[in-house]
Every structure is written in structure tokens, then in C-alpha cells.
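**Q** Sequence:
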Amino acid sequence: MEENISLPSEAYTVGWICAIRTELQVAKAMLDKVHASTKEVDLHDDNIYTLGSIAQHNIAITCLPEYCTAIVVTAAKDIIHKFRNIRFGLMFGIGGGIPSTRNDIRLGDVVVSMPNEAGVGVVQYDMGRREKDGFYRKGALNKPPNLL
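With full-length UniProt numbering as the guide, the letters of the sequence shown map in order to residues 1 to 148.
Be a bit skeptical, because a hint or two may be false.
Distance condition first, Cα-Cα at most 30 Å in a straight line; then the derived DSSO-like pairs of lysine-lysine [what the hints assert, rightly or not]: (1) Lys82 with Lys132; (2) Lys82 with Lys28; (3) Lys132 with Lys77; (4) Lys77 with Lys33; (5) Lys77 with Lys39; (6) Lys33 with Lys82; (7) Lys28 with Lys39.
Label-pair ranges, simulated between beta-carbon atoms [to be verified]: (8) Tyr136 with Asn4: 25 to 33 Å; (9) Asn103 with His44: 42 to 50 Å; (10) Lys132 with Asn85: 44 to 52 Å; (11) Asp42 with Gly89: 45 to 53 Å.
Since the hints were made in silico from the structure, they are not lab data.
Quick caveat, the model's predicted, so the values are computed rather than measured.
No residue lacks a Cβ here, since even glycine has one placed at the ideal position from N, Cα and C.
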């Protein structure tokens, strides 16, 4: 992995927010190249950024100091303020597991979703309700842009 490439903040088009340090470690491991940190100082942005690239995408990654919805919103606001050309925002997480007789998914397993006729393969954590006879989705997220 190459290191110390230095690019201006305008070169970054993907913002990636990690909820916990383990997710940040995974994000860093996925980078093809690691870039040097920007020298720009923003007194209103407490985020620490890991910069790098995957293929042709320059990515700014930050990790939340703690998980709560308000902090996610602030981190998203700050990352698009500092990196003004962000076109895609990503937030991936580690699930708690979904053990079942068909798919025994446990904490620590890597799961990649597949779109099908029921949806695009991504369900927002609060986009459904559990009832006595099962889980019912309220809706689904849009599919990711083809560029990604």
C-alpha cells in the first residue's frame, strides 16, 4: 500500500463515517493507497480523518467518538464542509448477528447484500417493524449510484 500521497481537500469525493474503531480499522484495510493528512485546520471540526483511495475514488474517512444520531449528523455536516466535493456519503456498520436455521450469521461475520426483486439489498436499521408473525419493512433505500 502506497503512503504519503498529498492531495488537496477538493480531491475527495467520497465521505465514509465509521461508528466504532473496529469499523475504522476495516475501512483503513480496504484502502488501496493511504494519503497524507491535510494541513488545513478547522477550529469547528473535531473529526480526525484518514485519507486514501480505492481505485479511482479518493476517500475521507472519520470515526465517531461515540455512537448517537446527533453525532452522526454533526460528523456528516463537518465532512462535507471540509471536503466540499463529496458526492457520496457512506456509513457501514457491524451488525449484531442474525442467527437462523437457514443463515447462521454471527457477530464478526462479513455479509455482503445482494439486490433482488424485494429490494436493493440494503435496509435502514429503523425501516421496519417486528410483529408476532415476522418483520415487515416500511420501505427500502435507493440503490447505490452505478459509479460506485
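**Q** Now, for every hint given, state plainly whether the structure supports it.
**A** Evaluated hints:
Taken as a hint, the Lys82 and Lys132 pair is broken in the structure, with Cα atoms around 46 Å apart against an allowance of 30 Å. A distance of roughly 20 Å separates the Cα atoms of Lys82 and Lys28; the hinted pair therefore holds under the 30 Å criterion. For the hint linking Lys132 to Lys77, the alpha-carbon distance of about 39 Å lies beyond 30 Å, and the restraint is violated. With a C-alpha separation of about 25 Å, the suggested pair Lys77 and Lys33 falls inside the 30 Å cut-off, and the hint holds.
Distance check on the hinted pair: Lys77 and Lys39 sit about 20 Å apart at the alpha-carbon level, within 30 Å; holds. Taking the CA atoms of Lys33 and Lys82, the gap is near 20 Å; set against the 30 Å cutoff, the hint holds. Between Lys28 and Lys39, the direct Cα distance comes to roughly 20 Å. Compliance with the 30 Å bound is thereby established for this hinted pair. About 50 Å separates the C-beta atoms of Tyr136 and Asn4, a value inconsistent with the hinted range of 25 to 33 Å.
Distance hint check for Asn103 and His44: the Cβ-Cβ separation is about 44 Å, which falls inside the suggested range of 42 to 50 Å. The beta-carbon spacing between Lys132 and Asn85, approximately 48 Å, falls within the hinted interval of 44 to 52 Å. The hinted window of 45 to 53 Å between Asp42 and Gly89 is violated, with their beta carbons roughly 18 Å apart.
Of the numbered hints listed earlier, those contradicted by the structure are 1, 3, 8 and 11.
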